[in-house]
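*Asks:* As given, the protein sequences belong to chains A and B, one line each in that order. Residue numbers are given in the numbering used here: position 138 of the first sequence equals residue 138, and the series is strictly consecutive. Just remember that the numbering used here sits 437 ahead of the position in the second sequence, which is counted from 1.
Source of the hints: derived by calculation from the structure; they are not laboratory data. Beta carbons are placed, not taken as given, at the ideal position from N, Cα and C, and that holds for glycine. Among these hints, one or two may not hold up.
[What the hints assert, rightly or not] Cβ-to-Cβ under 10 angstroms is the rule here; a few derived chain B residues that face chain A:
# : residue
1 : ALA485
2 : GLU486
3 : GLU489
4 : GLU573
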Amino acid sequence: MSSETAAKPRSRTIKVDYLARVEGEGALYLRVKNGQVADVKLKIFEPPRFFEAFLRGRKFTEAPDITARICGICPIAYQMSSVNAMEDALGVQVEGPLRELRRLIYCGEWIESHVLHIYMLHAPDFLGYQDAIQMARDYPEVVQQGLKLKKIGNEIVRLLGGREIHPINVRVGGFYRTPRKRELADLAEQLKWARDAALETVRWTAGLPFPDFQRAYEFVALRHPDEYPLHAGRIVSSSGLDIPVQEYDQHFEEEHVGYSNALQSVLRGRGAYHVGPMARYSLNFDKLSPLAQEAAREAGLGPVCNNPFQSIIVRSVETLYACDEALRIIDEYQEPDRPAVPVEPRAGVGYGASEAPRGLLYHRYKLDDAGIIQDAKIVPPTSQNQKTIEEDLWDFVPGRLDLPKDELTWQCEQAIRNYDPCISCATHFLKLEIQEE
Amino acid sequence: MAHTSTPVRIIGLGNRYRRDDGAGLAVLQELAGRDLPGQDLPSVELRAESGEGAALMEAWQGAQRVILVDAVQAGGVPGTIYRLDPWEQPIPTEFFHYSTHAFSLAEAVELARVLGQLPPALVIYGIQGADFGAGEGLSPPVAAAVPAVADRILQELAQPMPGG
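If we strip away everything but chain A, and leave its shape as in the complex, we get (with noise of 0.2 angstroms):
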């Protein structure tokens, strides 16, 4: 490695090929010619095609329990944007204590899924380690309280998901059981010690040390009046755009590339945008929860954040959102008179999109008059974030050709990891591997 950094090669092909076995799928292939980068081209996401097809022919009732199967971290991300599109193909709202548990279910979640990431996956490429195994023989305190506080979003998903893994007990309407109060007192004594994990998890994010690099992002997500954003609310970007859900299609289009099966969204005549934590925070910072800004503030960030390295201390400050949301929720529950509003097939096109872990969800089905759905589209975060991982690589990259190629390796995929993105839903076997040309 030493020769490749005393004599920089004049043209350079590196490729992190993340595919190995899977023909087809994911991979990050970079060009490097005279010491400036010359192409990037990121392929890590298959969209959910063979879920759409699976899908036409069944009934409405059925896509929750479908979709939900489409990703082993984010099912209820994916129950909650086909049940949104549904109840408004049906004219159906949900309100009360049945949307508030919408709310909680999902922050399960966000609970979920972000100690994940936080912990397993992003905090060892900050403090230097090749993986959480390798961090916990140094930090095993850390890990284990990274797997209690995720234990915590599990508890919730199951308790009101039915199960864990594919929760079943979501449905068009509401649920098929709601939970009666003291059922929840239980969730309410775990989520006060997980309040202030989430907490330390903040400060704990704050002190790792971060590359300087910001970009000028369009960030999207939804944006309610009355709360921050989770299962509801209108589609906003930083740069004015402000839509109903119903009007995604006429302002973002996915795009063909041709190095990938996989489809890349765009903004319509603007390109690239951003979704997941950093978006949804840098355009509803103003409706956090008083702790949740305050411990942003504390960690140094302002109310707009452009690092996507420090996407991790976002998510932290999420994570800590939730478990102070899941709390109030829990505080103010009424059980509801039924656990769910009737529904009446019709014929129509439904319009559903809330915010997964990773970013918007949207869904789109068109149903006949009984109620079988002739047509679904699903748009994932992470189709959504890809054209913007690339930007960030071709800024990212050219301060870093002198370094050694696997510290290259690294860093780029440190540079993709900060979105998180969805690889295991696409490609199941993953080896990085560099060639130079």
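Got chain A sorted already, so can you dock chain B onto it with the hints?
*Replies:* Only chain B this time, still in chain A's reference frame:
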């Protein structure tokens, strides 16, 4: 919280919408139709997991004896059955699902080892998959391996616990 005192737990991992990735779940289904030793006691519990590692570390908590079943990519002939004992050897990270996103089986086992949280007895069965694309149904060699793995698990359960 539930099932924390079950002595024997068989955990199948996977996603049945990623074809051969559903092999572990198919073995669970196969076992559910067999007479498990002590099934009516009920000391043997069958449990499905997605394969997310941190959840897996919770799933095996409290069990004395754990058998995991998952699809693998070990470079072998599809349908090949592997048996690994983490108490005897480390689990190769590339053997099971590995990504920068998921924290998967191999990482869960090795992290549990570091944290002193491995179950007292743990055995992993892997079935070499052929097709992990989106879709339903196992490829023929993997489908054929499913009852064979179930047989081996039942034989294993008929033996006393290692060290016990």
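*Asks:* Confirm or reject each hint.
*Replies:* Structure-based check of all given hints:
For ALA485/B, the shortest C-beta to C-beta distance to chain A is roughly 6 angstroms, which falls under 10 angstroms, so the interface hint holds. Look at GLU486/B: its Cβ gets to within about 6 angstroms of chain A, closer than 10 angstroms, so that hint holds up. With a cut of 10 angstroms, the hint placing GLU489/B at the interface with chain A holds, because the nearest CB-to-CB distance is about 5 angstroms. Given the 10 angstroms rule on beta carbons, the hint for GLU573/B holds: about 8 angstroms separates it from the nearest Cβ of chain A.
Violation of the numbered hints given earlier is absent; every hint is satisfied by the structure.
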